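Here are the chains, one letter per residue:
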Amino acid sequence: MASAPSSAPGTRRRMPTAIKILVAGGFGAGKTTLVGTVSETKPLRTEEVLTDRGIGVDHLDGVEAKRTTTVAMDFGRITFGDEFVLYLFGTPGQERFWFMWDEVALGALGAVVLADTRRLADCFPAIDYFERRGTPFIVAVNCFEGAQRYDVHDVRQALQIPGEIPVVLCDARSKESSKEVLITLVQHAMRQRAAR
Amino acid sequence: MSYPPQEPDQERWTDDGAGPLVRPYVMTGGRLQPVRGNFDLITLVEATGPVPAHVIGLGPEHLSILRLTQTMMSVAELTAHLDLPSGTVRVLLGDLLDKGHVTVQEPTPEIDMQDLRMYQAVIDGLRAL
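Going line by line, the protein sequences match chains A and B.
No gaps in the numbering here: position 56 of the first sequence is 56 in my numbering, and each next residue is one more.
To get my numbering, take the position in the second sequence, counting from 1, and add 196.
Treat the hints loosely; a few may be bogus.
Claimed, not checked - Chain B stretches covered by chain A per the calculated footprint, using a threshold of three residues with CB under 8 Å from any CB of chain A:
#1 225-231
#2 236-243
#3 266-274
#4 280-286
To be clear, the hints were calculated from the coordinates, so they are not data collected in a lab.
Keep in mind that this is a model prediction, so the values were computed, not measured.
Glycine residues also receive a C-beta, built at the ideal position from the N, C-alpha and C atoms.
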């Protein structure tokens with residue numbers, strides 16, 4: 001079981017509290033860009049080697065051999081003094097990796113679903129997942145250069161996002177814009193937790 | 197009996213494409229679960245002391261972890277720096293925790309995230325970036 005927050009014996013100071021926020025969305029929606037824009041270091045990559053447990057989409061009939069797949073997640077860190085450290089995980093968007101999300105989503109403060117207006121439907125699985133799991137989330141529409149500016153109301157309607165969930169426009173390459181996205185998420189998560 | 201003539205120097209069985217020379221499960225002695233600890237990706241780990249010169253029962257990967265955790269680091273960062281799957285790193289960390297070489301701090305359980313002060317601290321911290 002989880003060991004209690006261990007203040008190390010003797011000389012060592014107490015460690016900060018680690019918090020995680022997920023950045024989800026379809027392939028190429030700008031997850032790693034957003035993580036990199038606000039993180040204090042270049043995004044790092046962690047890889048999970050998975051056996052074929054739960055991977056059914058590309059199932060080939062009659063092939064019984066175990067296969068392994070590697071799923072990569074880019075992540076970054078922001079340290080707030082010596083009390084809190086925030087980790088941002090860009091999570092793989094493919095539906096077939098949902099079982100892996102359960103582990104990552106456990107204990108997450110909340111999630112940003114990055115929407116790419118050229119492929120709006122790509123973020124449906126993420127929205128559906130967080131709704132079912134009860135993880136606080138917001139939708140951020142990444143406005144690429146040259147991408148058509150969408151009206152947030154249109155996006156909200158197209159994705160059928162309830163009114164209490166924020167839908168915002170952003171530019172994942174801009175630090176200010178990405179900061180605003182995260183602040184909007186944390187404010188939303190705070191309201192949601194307080195209401196429970 | 198002779199093998200097909202091949203230049204031994206060009207006979208490269210190991211390269212990046214072939215994957216790591218030592219498979220991750222070998223490093224863990226075939227174990228899939230850590231002997232101790234949970235190790236979320238954001239569990240913070242710190243070595244309890246300097247890297248020992250040689251300790252019976254610790255492999256080179258254990259020592260790499262102790263070197264990296266001389267300053268506090270998350271499990272996710274460890275897996276990235278070691279270039280190993282997190283499952284492997286968890287098993288190795290379990291050994292180190294069991295032997296008292298590292299101290300860990302598990303993240304706040306979801307159920308305890310009612311602490312509104314934490315949310316406010318994150319908002320203020322983000323604004324100050």
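Hint by hint, here is what the structure shows:
| no. | hint | verdict |
| --- | --- | --- |
| 1 | 225-231 | violated (count 0) |
| 2 | 236-243 | holds (count 6) |
| 3 | 266-274 | holds (count 4) |
| 4 | 280-286 | holds (count 3) |
Against the hints set out earlier in the document, a violation occurs for number 1 only.
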